[in-house]
Amino acid sequence: MRMQNYTFMRTLQSAISKIFLLFFLLFTQSIELKAQNDIAKKADSLFNEKNYTEAAKLYQIIFKDPKVNQANISLKLAYINENEGNIPMALYYLNNYYNFKPSNEVFDKMNKLALAGKYQGYERNNINFVFALYQQYYIFILYGLIILGIFLIVVLYNKKKHGKPIQRNNWILALTYMALLALLINLPSTYRTAIVKERTYLRNFPSSAAPIIGEIEPGNKINIFGSKDIWQKALWNRGVAYVNKNDLWLLED
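Under the working numbering, the residues of the sequence shown are numbered 37 to 289, in order.
No lab work stands behind these hints, which were simulated from the structure alone. Among the clues, some could well be false.
With a straight-line cut-off of 20 Å between C-alpha atoms, the simulated PhoX-like cross-links for lysine-lysine are [what the hints assert, rightly or not]:
1. K264 to K281
2. K154 to K137
3. K103 to K93
4. K77 to K100
5. K137 to K100
Have a look at the derived ranges for each label pair, beta carbon to beta carbon [unchecked claim]:
6. I189 to K137: 32 to 38 Å
7. I202 to F241: 42 to 48 Å
8. N206 to G153: 34 to 40 Å
9. N206 to I75: 54 to 60 Å
10. R204 to Y174: 48 to 54 Å
11. D101 to N206: 47 to 53 Å
Beta carbons: idealized from backbone N, C-alpha and C, even for Gly.
Start from the sequences, fold in the hints, and give me the full structure.
If you want it as structure tokens, here you go:
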């Protein structure tokens, strides 16, 4: 009996401790959320008063916090930096906004700023445009592949059920589908874009001892297809080179 009471008390104490911990975490999160909201409100007030410098300082504090409206903050920081003549930073924040809310209007705005500043990597004939379309219509592409997959499964199942031979073109279509699906799933984790924040050198392999094969000025946008330590594998001017991560603004996914 004593052993049962002891076990019951230990279980009760453990449950109470977990409940207390849960309430504590919820309480601290609510305090943190309130603090972030207070900063956002203060920043919005300064922005509306056209006190852009002070507003930007506050926006940058909460810029990467998922609990706030990151898209709205990105757009305001883009406006502030464009207003102050810092076009590379304006492009960085506009790109982040585009990642949250892809649209042709925003893409055209980035292209216009880039043309004015003679920055490369924003053109519609660039590979960026292909990936911009991919980002904009990702969900539709995914649904399309899912519907195609269901159709293929039904066709192959019916053929097998009725003892019909599965033709070669059916297998080719199935393999193509699997390859496209694998590409769609893996592309977001391997492909990124970045904007050069200060002049950086291109190297032909990931090491500071590697020969310099070129350089990129601030404001230019590059495509990244992998990384090794601090070195980003980038596509630039139809060639592959490695760039130091510390010289880049990596765009949010």
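Now for the hints, and whether the structure bears them out:
1. K264 to K281: holds, 10 Å
2. K154 to K137: Answer violated: K154 to K137 is near 25 Å, above 20 Å.
3. K103 to K93: Holds, because 18 Å separates the two Cα atoms, which is no more than 20 Å.
4. K77 to K100: Distance ~16 Å between K77 and K100 Cα, so the pair holds.
5. K137 to K100: With a Cα-Cα distance of about 16 Å, the restraint between K137 and K100 holds, given a limit of 20 Å.
6. I189 to K137: 32 to 38 Å: The hint (32 to 38 Å, Cβ to Cβ) holds, given that I189 and K137 are roughly 35 Å apart.
7. I202 to F241: 42 to 48 Å: holds, 46 Å
8. N206 to G153: 34 to 40 Å: With a Cβ separation near 52 Å, N206 and G153 fall outside 34 to 40 Å, so the hint is violated.
9. N206 to I75: 54 to 60 Å: Between N206 and I75, where Cβ atoms are some 58 Å apart, the hint holds.
10. R204 to Y174: 48 to 54 Å: violated, 31 Å
11. D101 to N206: 47 to 53 Å: holds, 49 Å
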